[in-house]
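Trainee: Sequence:
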Amino acid sequence: MTPDKYSAVWVSHTSINDFRQCPRAYFLKHVYKDPKTGHKIKIMTPPLALGQIVHEVIEEMSTLPTQDRFKKIPMDRYDELWKKITGKKGGFFDRDTEDKYKRRGREMIAR
248 MTPDKYSAVW
258 VSHTSINDFR
268 QCPRAYFLKH
278 VYKDPKTGHK
288 IKIMTPPLAL
298 GQIVHEVIEE
308 MSTLPTQDRF
318 KKIPMDRYDE
328 LWKKITGKKG
338 GFFDRDTEDK
348 YKRRGREMIA
358 R
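So the sequence shown is residues 248 to 358, counted in my numbering.
Because the hints were derived from the structure by calculation, they are not lab data. The structure displayed is predicted, hence computed values, not measured ones. A virtual CB, placed ideally from N, CA and C, is assigned to each residue, including glycine. Treat the hints with care, since some could be wrong.
Label pairs and their calculated CB-CB ranges [said to hold, decoys possible]:
(1) Asp-323 <-> Ser-259: 36 to 44 angstroms
(2) Ala-357 <-> Ile-290: 43 to 51 angstroms
(3) Ser-254 <-> Thr-292: 42 to 50 angstroms
(4) Arg-267 <-> Met-308: 38 to 46 angstroms
(5) Thr-344 <-> Val-256: 34 to 42 angstroms
(6) His-302 <-> Ser-262: 18 to 26 angstroms
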């Protein structure tokens with residue numbers, strides 16, 4: 248009987264590099280879960296912030312009945328949600344970077 252390849256432990260190159268650079272950071276990023284919530288801790292980065300906001304706008308629109316989807320302008324909702332992740336909360340350390348990501352998100356929503 249051949250061993251089941253899906254029972255093996257799979258490790259990505261990124262995980263190996265993370266461990267080699269700092270075992271503690273690897274543990275916090277890939278293993279540790281908050282005891283209260285059971286969720287992994289994720290440090291907010293600009294790409295993650297952008298993805299979360301764009302996804303939330305699209306998801307909210309998709310749950311509305313078809314005739315109601317554009318009663319509220321999606322760009323207004325995007326701007327409203329962006330306030331939650333502005334500045335350091337979204338991993339932005341300078342205004343230029345934040346403006347660049349905000350423009351990218353607006354372009355995504357406009358499509």
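Trainee: Indicate, hint by hint, whether the structure satisfies it.
Mentor: Against the structure, the hints come out as follows:
| no. | hint | verdict |
| --- | --- | --- |
| 1 | Asp-323 <-> Ser-259: 36 to 44 angstroms | holds, 39 angstroms |
| 2 | Ala-357 <-> Ile-290: 43 to 51 angstroms | violated, 29 angstroms |
| 3 | Ser-254 <-> Thr-292: 42 to 50 angstroms | violated, 33 angstroms |
| 4 | Arg-267 <-> Met-308: 38 to 46 angstroms | holds, 43 angstroms |
| 5 | Thr-344 <-> Val-256: 34 to 42 angstroms | holds, 37 angstroms |
| 6 | His-302 <-> Ser-262: 18 to 26 angstroms | holds, 24 angstroms |
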